[in-house]
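Peer 1: Generate the whole structure from the sequences, applying the supplied hints.
Number of protein chains: 2
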Amino acid sequence: MNLKTIEYTNGTLRIIDQTLLPNRLKLITIDSLNKSIEAIKMLRVRGAPAIGIVAAYTILLESKKLFLKQKLNNRSFNQICDKLRASRPTAVNLAWAVKKLSDCYYENSNLINHMLIKNLEKCAISIHQNDEQSCSAIGHYGAQLFKNYKNIITHCNAGILATGGNGTALSVIYETAKQNQDIHVYVDETRPLGQGARLTYYELNNNNIACTLLTDNSAGSLFTAGKIDAVIVGADRIAANGDTANKIGTFPLAVLAYAHDIPFYVAAPASSFDLSINSGKLIPIEMRPEKEVLSFWGISKNAKYNVYNPAFDITDSKYITAIITEYGILEKPFNKNITKLIHS
Amino acid sequence: MNLKTIEYTNGTLRIIDQTLLPNRLKLITIDSLNKSIEAIKMLRVRGAPAIGIVAAYTILLESKKLFLKQKLNNRSFNQICDKLRASRPTAVNLAWAVKKLSDCYYENSNLINHMLIKNLEKCAISIHQNDEQSCSAIGHYGAQLFKNYKNIITHCNAGILATGGNGTALSVIYETAKQNQDIHVYVDETRPLGQGARLTYYELNNNNIACTLLTDNSAGSLFTAGKIDAVIVGADRIAANGDTANKIGTFPLAVLAYAHDIPFYVAAPASSFDLSINSGKLIPIEMRPEKEVLSFWGISKNAKYNVYNPAFDITDSKYITAIITEYGILEKPFNKNITKLIHS
Numbered sequence: 001m002n003l004k005t006i007e008y009t010n011g012t013l014r015i016i017d018q019t020l021l022p023n024r025l026k027l028i029t030i031d032s033l034n035k036s037i038e039a040i041k042m043l044r045v046r047g048a049p050a051i052g053i054v055a056a057y058t059i060l061l062e063s064k065k066l067f068l069k070q071k072l073n074n075r076s077f078n079q080i081c082d083k084l085r086a087s088r089p090t091a092v093n094l095a096w097a098v099k100k101l102s103d104c105y106y107e108n109s110n111l112i113n114h115m116l117i118k119n120l121e122k123c124a125i126s127i128h129q130n131d132e133q134s135c136s137a138i139g140h141y142g143a144q145l146f147k148n149y150k151n152i153i154t155h156c157n158a159g160i161l162a163t164g165g166n167g168t169a170l171s172v173i174y175e176t177a178k179q180n181q182d183i184h185v186y187v188d189e190t191r192p193l194g195q196g197a198r199l200t201y202y203e204l205n206n207n208n209i210a211c212t213l214l215t216d217n218s219a220g221s222l223f224t225a226g227k228i229d230a231v232i233v234g235a236d237r238i239a240a241n242g243d244t245a246n247k248i249g250t251f252p253l254a255v256l257a258y259a260h261d262i263p264f265y266v267a268a269p270a271s272s273f274d275l276s277i278n279s280g281k282l283i284p285i286e287m288r289p290e291k292e293v294l295s296f297w298g299i300s301k302n303a304k305y306n307v308y309n310p311a312f313d314i315t316d317s318k319y320i321t322a323i324i325t326e327y328g329i330l331e332k333p334f335n336k337n338i339t340k341l342i343h344s
Numbered sequence: 345m346n347l348k349t350i351e352y353t354n355g356t357l358r359i360i361d362q363t364l365l366p367n368r369l370k371l372i373t374i375d376s377l378n379k380s381i382e383a384i385k386m387l388r389v390r391g392a393p394a395i396g397i398v399a400a401y402t403i404l405l406e407s408k409k410l411f412l413k414q415k416l417n418n419r420s421f422n423q424i425c426d427k428l429r430a431s432r433p434t435a436v437n438l439a440w441a442v443k444k445l446s447d448c449y450y451e452n453s454n455l456i457n458h459m460l461i462k463n464l465e466k467c468a469i470s471i472h473q474n475d476e477q478s479c480s481a482i483g484h485y486g487a488q489l490f491k492n493y494k495n496i497i498t499h500c501n502a503g504i505l506a507t508g509g510n511g512t513a514l515s516v517i518y519e520t521a522k523q524n525q526d527i528h529v530y531v532d533e534t535r536p537l538g539q540g541a542r543l544t545y546y547e548l549n550n551n552n553i554a555c556t557l558l559t560d561n562s563a564g565s566l567f568t569a570g571k572i573d574a575v576i577v578g579a580d581r582i583a584a585n586g587d588t589a590n591k592i593g594t595f596p597l598a599v600l601a602y603a604h605d606i607p608f609y610v611a612a613p614a615s616s617f618d619l620s621i622n623s624g625k626l627i628p629i630e631m632r633p634e635k636e637v638l639s640f641w642g643i644s645k646n647a648k649y650n651v652y653n654p655a656f657d658i659t660d661s662k663y664i665t666a667i668i669t670e671y672g673i674l675e676k677p678f679n680k681n682i683t684k685l686i687h688s
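Read top to bottom, the protein sequences are chains A and B.
Numbering-wise (the numbering used here), the first sequence opens with residue 1 and increments by one.
Numbering-wise (the numbering used here), the second sequence opens with residue 345 and increments by one.
The hints are simulated quantities; they were obtained by calculation from the structure and are not laboratory data.
Even glycine gets a Cβ: it sits at the ideal position worked out from N, Cα and C.
Be a bit skeptical, because a hint or two may be false.
Rough simulated footprint, nothing fancy, chain A against chain B, three-plus residues with beta-carbon under 8 angstroms [what the hints assert, rightly or not]:
hint: 1; stretch: 389 to 398
hint: 2; stretch: 538 to 550
hint: 3; stretch: 590 to 598
Peer 2: What follows is the structure, encoded as structure tokens:
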């Protein structure tokens with residue numbers, strides 16, 4: 001599939017508007033900070049690595065704009081960074097990418113000139129390219145683990161549409177499929193926004209991977225029936241002890257896998273790790289609007305409903321068999337091995 | 345609330361069309377076998393006890409019609425029973441109610457006359473009235489267990505709208521609320537058809553029970569946060585060992601409760617027990633149409649999707665703390681105690 005989730009060509013940033021998939025594949029141009037923040041908040045672009053890449057390009061483009069108006073300075077630069085960082089709180093790749101661009105800016109800020117902009121561009125492009133390479137490496141390492149699995153379940157979308165490359169969890173699927181034609185993926189629809197139903201099924205189907213869609217709450221009966229060999233998901237943030245924030249619904253899947261003695265894998269690049277925190281309890285969880293849940297049921301806008309709508313949950317590392325990174329497979333004890341692998 | 349899910353007055357059977365809730369409260373008249381089967385299949389009436397009651401009245405009305413045309417005989421009577429029994433396979437109350445009416449017919453079939461019709465009517469009304477009483481008794485016994493619980497989670501709808509009375513699981517809530525004003529219910533939306541979002545929230549809200557709606561996959565994070573004191577659900581069929589078939593998504597909730605050491609209760613009348621089978625593995629699971637899942641995502645009708653859409657799952661009795669029946673609280677070992685309680 002020639003999907004390009006994020007395109008940066010001749011100074012223009014374009015993304016697939018993922019809210020329109022699978023019915024319509026439309027590229028939109030992101031040419032302002034506000035458009036970028038709107039696209040991130042509305043999930044036109046989503047997936048931890050993809051959000052980081054878009055944030056990096058946005059800082060570049062916005063800095064360039066200010067520079068041409070002779071308005072780029074530490075204060076205006078920091079404002080861009082702060083606004084982007086605040087747009088979604090859970091995925092750490094966003095803060096990570098903002099920091100990369102910020103470090104690049106301050107290393108070069110003694111001279112605010114074309115060279116600074118050039119360096120910011122280099123930095124943003126390298127974040128994008130490195131993510132593409134990380135995805136491939138994750139696929140490579142993961143496929144070694146997955147070669148004997150036939151039926152795999154995944155939640156949300158950790159694929160091409162979530163990254164600058166072939167995905168994290170789905171990169172493992174794509175690489176495994178090259179050796180194992182029998183692979184079949186159960187796709188959780190992923191309420192409330194349907195990243196599984198709308199994005200993952202679309203991606204897998206377009207890449208000729210056999211798949212079956214199900215409501216999130218149907219996974220249990222597949223485990224009981226012995227129809228699941230392994231679970232694989234992406235991550236929005238991984239604490240130093242391996243606790244993992246990912247799309248709401250990931251944790252119940254991990255508990256089901258554990259209860260049925262089925263391996264549960266997380267696939268994520270180093271940019272998704274937050275070694276500054278020791279436990280998933282410290283990861284901020286974004287609460288999303290009530291209407292995301294209510295609109296599906298045709299419930300009148302005037303009806304008063306209390307709704308609990310967290311965007312993510314935390315999977316305790318106890319439930320995670322291993323974490324697949326671009327540096328290799330992370331096994332337990334995560335605390336010790338994460339520092340060794342990611343910092344080596 | 346003055347909701348009457350099923351009304352039988354002056355020979356006319358009317359039900360609330362539950363597919364229109366919560367936006368519209370409309371009664372429809374069920375005056376033929378086909379209308380009844382359509383209403384059951386389309387979930388205009390749903391909930392194991394309610395389906396049983398509607399089936400009983402349908403047999404009465406259809407028999408009366410045939411009798412007046414002088415076409416009532418064993419063959420035509422059996423046809424009605426067979427068609428109703430086949431309309432939904434999982435909830436055993438349907439087959440149970442059909443058998444009750446059938447037994448009544450064959451006890452009286454030596455004389456096919458007004459008396460036979462009168463007796464069928466008595467039998468149907470008594471099924472309805474007994475269910476109402478069972479609901480009250482379940483509420484009474486359950487409230488003794490629930491008096492110290494504040495935050496309770498439920499799945500699907502096992503309330504007024506699922507029974508001939510105040511419900512099974514929700515009857516426990518209503519009774520508990522009389523003593524414990526602090527009670528608060530987390531309501532799983534219950535994909536794909538939203539019985540939680542559309543029916544349970546509506547019922548509880550109209551009865552002034554504080555509640556919060558959530559996507560099914562959000563329950564995990566509530567358990568982690570220590571926000572759930574107990575789980576209560578209804579049942580579509582309970583095997584002799586306590587394994588329970590209930591709405592898809594019940595089993596994952598049970599596994600979550602077990603992992604967090606939170607009690608998990610099933611509330612059901614004796615008519616939901618199937619002592620002819622020893623294990624949940626033998627309960628037939630109804631598979632529902634793909635479109636129930638797909639239609640929510642605005643996916644084009646021409647798109648080819650493989651969809652796994654079971655209406656129910658089986659919760660292994662290992663995960664069930666106790667079963668609340670109209671005869672009292674069933675505790676483990678279920679195998680032994682079920683026979684004692686239900687047959688006593």
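Peer 1: All hints, please: hold or fail.
Peer 2: Cross-check of the supplied hints:
| no. | hint | verdict |
| --- | --- | --- |
| 1 | 389 to 398 | violated (count 0) |
| 2 | 538 to 550 | holds (count 4) |
| 3 | 590 to 598 | holds (count 4) |
Taken one by one, the earlier hints fail for this structure only at number 1.
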